Structure formats: C-alpha cells, structure tokens
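Heads up: the protein sequence lines correspond to chains A and B, in order.
Letter by letter, the first sequence follows residues 1 to 114 in my numbering.
Letter by letter, the second sequence follows residues 1 to 114 in my numbering.
These are calculated hints, taken from the structure and not from any lab test.
Being a predicted model, the structure only gives us computed values, none of them experimental.
Possibly wrong hints are sitting among the right ones.
[Unchecked claim] Distance condition first, Cα-Cα at most 30 Å in a straight line; then the derived BS3-like pairs of lysine-lysine:
| id | chain 1 | residue 1 | chain 2 | residue 2 |
| --- | --- | --- | --- | --- |
| 1 | A | Lys57 | B | Lys73 |
| 2 | B | Lys106 | B | Lys73 |
| 3 | B | Lys55 | B | Lys73 |
| 4 | A | Lys57 | B | Lys106 |
| 5 | A | Lys11 | B | Lys106 |
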Amino acid sequence: GAGVSQSPSNKVTEKGKDVELRCDPISGHTALYWYRQSLGQGLEFLIYFQGNSAPDKSGLPSDRFSAERTGGSVSTLTIQRTQQEDSAVYLCASSLRLRGEAQYFGPGTRLTVL
Amino acid sequence: AQTVTQSQPEMSVQEAETVTLSCTYDTSESDYYLFWYKQPPSRQMILVIRQEAYKQQNATENRFSVNFQKAAKSFSLKISDSQLGDAAMYFCAYSGQAGTALIFGKGTTLSVSS
Chain A
1 GAGVSQSPSN KVTEKGKDVE LRCDPISGHT ALYWYRQSLG QGLEFLIYFQ GNSAPDKSGL
61 PSDRFSAERT GGSVSTLTIQ RTQQEDSAVY LCASSLRLRG EAQYFGPGTR LTVL
Chain B
1 AQTVTQSQPE MSVQEAETVT LSCTYDTSES DYYLFWYKQP PSRQMILVIR QEAYKQQNAT
61 ENRFSVNFQK AAKSFSLKIS DSQLGDAAMY FCAYSGQAGT ALIFGKGTTL SVSS
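Using the sequences plus the hints, can you model the full thing?
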C-alpha cells in the first residue's frame, strides 16, 4: 500500500508568516508523529497522536507550533509567525500501535524561512 | 532521560566489504526497543532493522544484522557485502516504556566506494 505522504515537499516563506504542513499516514495506522530535523539539533520529537486521545505535545518548541489530526487520519502541523530558526525538515511518521512498533516516515517537508 | 550516542560521524567502506556502525545508549529501563534507520540523500527515512530488548537473539534483515549487548547498552549495525546503494546517513534510535517518541542519535554518514 501507499506509504506516508507529506505536502508540500518544499516550502519557502517569509519571516512572520504562518505555514501549514500536511501529513497523510499509512492507512490503518493509529499513531502519528511529527519530528524536526535540523543541522544543529539533529532529529527532535515534536508531537504525537494516538487515535482520538489527547496528543502528547511535550516536544513542541514554542506556542507558535500547533498540530491537529482530523478523523484519526490526516494531520496538519501549523507554525505561526515563522522565525528563521524554524528552518528545518519536518518529518511525519506513523505506526500501527503505540509502543515498540516501527515508525514509518514520510519524505518530509523542507521549510525555509527567509 | 534516555540518550543515544553514535560516536562515528563518518564511515567509509569498499563495495562488497563489511562495515560496522556503532551505537550506545543510556537508559534505566529494562524493556525497550532499538532501531536502525537509513536516510539517503532523498531524505526518506527507511527502517533497516528493529530489536526488542527482551529478546536475546540479534535481529537480522538480509545483509544487515545487529550486535545487541544489553548489559553494555550497545547496539551496533553490521552491513555485509556493502553496495553503492547503502551510502546514506544511518540513525540509531531508542523507544522506551513511557513515551513513544523515538530518541535518535546524531547519525553516521556512510560512504561506499567502488
């Protein structure tokens, strides 16, 4: 079946603008994760969703970051008032169950904030 | 807090040879999962291998195998009969009891020469 898809592939925005990044998980996967990958910080966890439970937002770096998951499927990561330090690759992953299952990643969205 | 350390920022290997990538981790948990992911220049993170900590047997996937030493908290990846397509960044990752987010090492860039 289809893997995790993300859109857009690349996004260039101006400092101060809002951006929305989309993730479509693998069908049937109940858990969905967002990570950020940057040169200086490596791979950082941002947020995860499990079914209809309240998400774990413990990795979000500031209140400018938020995410939602509609209908237990598609997720949108929103960054408000973007800053240059938000420039990174944003990776989405999904898995079948919560604990210990392998996570399958999408191709990522490269965000560049000018 | 759990940490994952990959002490080799870069490694190189000749085609058809064998290479071992190192990973150590720190945890006080007894039940956890370890993973190796491959990230080629295309940016897509690909699962290479998964190990359950309570299993003594080392995981293998075709040319990829691990040497899991639980007492030493070591989880190295061996790639046999290296191929040009193995060139990528390799990440070691940990998933523990409390959270489901993967904790990643900084990665090892593997180059393969013919």
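Going through the hints against the structure:
no. : hint                 : verdict
1   : A:Lys57 <-> B:Lys73  : holds (29 Å)
2   : B:Lys106 <-> B:Lys73 : holds (17 Å)
3   : B:Lys55 <-> B:Lys73  : holds (14 Å)
4   : A:Lys57 <-> B:Lys106 : holds (22 Å)
5   : A:Lys11 <-> B:Lys106 : holds (25 Å)
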